[in-house]
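If you're matching positions, the sequence shown starts at 690 in the working numbering and goes up one per residue.
In case anyone wonders, no lab produced these hints; they're calculated from the structure. Note that the structure is a prediction, hence the values are computed from the model and not measured. All C-beta atoms, glycine included, are put in the ideal place defined by N, C-alpha and C. One should not assume that every hint holds.
Computed list of lysine to aspartate or glutamate pairs in DMTMM-like fashion (alpha-carbon distance at most 25 Å, straight line) [claimed, not checked]: (1) K905 x D1018; (2) K836 x E763; (3) K813 x E693; (4) K695 x D772.
Label pairs and their calculated CB-CB ranges [unchecked claim]: (5) D922 x L981: 29 to 37 Å; (6) R786 x R921: 42 to 50 Å; (7) R700 x R868: 47 to 55 Å; (8) R786 x P839: 31 to 39 Å; (9) L977 x A809: 40 to 48 Å; (10) Q804 x D925: 51 to 59 Å; (11) P1028 x D744: 24 to 32 Å; (12) A809 x E763: 24 to 32 Å; (13) R786 x G717: 26 to 34 Å; (14) D838 x D922: 41 to 49 Å; (15) R868 x L977: 28 to 36 Å; (16) Q804 x Q704: 25 to 33 Å; (17) T928 x A809: 52 to 60 Å; (18) K724 x R700: 20 to 28 Å.
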Amino acid sequence: MAQEVKGIVARGKGQPVELTSVLVPDPGPGEAVVKVQACGVCHTDLHYREGGINDEFPFLLGHEAAGVVESVGEGVKDLEPGDFVVLNWRAVCGTCRACKRGKPWYCFSTFNASQPMTLADGTKLSPALGIGAFVEKTLVHSGQCTKVDPSARAAAVGLLGCGVMAGVGAAMNTGGVTRGDSVAVIGCGGVGDGAIAGARLAGAAKIIAVDTDPQKLEWAKGFGATHTINVRDVDDVVTEIQRLTDSFGADVVIDAVGRPETWKQAFYARDLAGTVVLVGVPTPDMQLDMPLIDFFSRGGSLKSSWYGDCLPSRDFPMLVDLYQQGRFDLDAFVSEEIPLDGVEAAFEKMHHGEVLRSVVVF
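Modelling step: build the complete structure from the supplied sequences, incorporating the hints.
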């Protein structure tokens, strides 16, 4: 029998979100109902509201979440009521060509719940990233639930569900940052700061944070940046990164903005045979115009990072353990805790760069 709970819904492009009733069905085969404890307010949620992802309104927003499993459906064997989980949008299938090649972090056929959650009048909801967690309880595929240390703070570890993991993974998984490397990160929001934190965890010797906002650069220092560049204070970002790296350029440059101009900065600011990682998400209309010879002559690797190329079952528990040991400060990403009806105000704060993450706490 479906449960009626409260959730945040975006009914139309650009419209303010609405706190309303949501019907959550009992879990079917392979599914789980999770009682949400905390969920971060991510830029992706704002993109959904603005119609930047698709037009499948109404959306049930929210996806950076942690909570407790309430019930599971038929056939679920590795999850049971009472488990504390972080939700993820990469429930790997185990059978696609990427999984069969032993690279499940590239899974091409990830799972979501089969049954829809609906409004009280029966209108089907589109859950953000297949999760929809600005709601008291949500229905997901069991593979979207990753068990972690139950003593961890939900408001912090839930952020691994998207932005923080995307950044950490861009550095550690996609970029392959290792001890002694020099790293530059362009864009120091939640994803960029995650990349900085990941570079520090990996042992990078020099971590250069690049942004236009002095406050964000201060936050970046707290996550491990050894040097900062305010774009407004220098003539050329590439030249400044080269100056800080003995004129060579950084071993790994991570573009956490996702615009043609920042990608070009990343490309030219890396050392010869260095690595560029694109983790910021561009819009479909953006184009690059560059000399092909530059790609050939500089060598190295040009990579895109999907969700930090993470494998939740591997990476979430490891990062939560590091957090519990005091070696990875997830708490620093949490700018404020807010009630469920505070999401629209959190979007405004996000617009003005006032927060890294507002987190809804139930």
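Evaluation of the provided hints:
For the hint pairing K905 with D1018, the CA-to-CA distance comes to about 16 Å; that is within 25 Å, so the pair holds. Distance hint between K836 and E763 is fulfilled; the C-alpha atoms sit about 19 Å from each other, no more than 25 Å. Proximity of K813 to E693 is assessed by CA-CA distance (about 14 Å); at most 25 Å being required, the pair is judged to hold. For the hint pairing K695 with D772, the CA-to-CA distance comes to about 22 Å; that is within 25 Å, so the pair holds.
A hinted range of 29 to 37 Å for the beta carbons of D922 and L981 is consistent with their spacing of about 33 Å. A beta carbon spacing of about 46 Å between R786 and R921 agrees with the range 42 to 50 Å that was offered as a hint. At roughly 50 Å, the beta-carbon separation of R700 and R868 lies within the given 47 to 55 Å, and the hint holds. Look at R786 against P839: about 36 Å separates their beta carbons, and that is inside 31 to 39 Å.
Between L977 and A809, the C-beta spacing of about 47 Å keeps the proposed range 40 to 48 Å intact. A hinted range of 51 to 59 Å holds for the C-beta pair Q804 and D925, which are about 54 Å apart. Checked against the hint of 24 to 32 Å, the pair P1028 and D744 passes, with Cβ atoms roughly 29 Å apart. At about 27 Å, the beta-carbon gap between A809 and E763 stays in the expected band of 24 to 32 Å.
Checked against the given bound of 26 to 34 Å, the beta carbons of R786 and G717, roughly 27 Å apart, stay inside it. Distance hint check for D838 and D922: the Cβ-Cβ separation is about 42 Å, which falls inside the suggested range of 41 to 49 Å. Under the hint 28 to 36 Å, the C-beta atoms of R868 and L977, about 32 Å apart, fit the expected range. Between Q804 and Q704 the beta carbons are some 26 Å apart, a value that agrees with the proposed interval 25 to 33 Å.
Separation of T928 from A809 is about 58 Å and conforms to the stated range, judged on CB atoms against 52 to 60 Å. Separated by about 25 Å at the C-beta atoms, K724 and R700 satisfy the suggested range of 20 to 28 Å.
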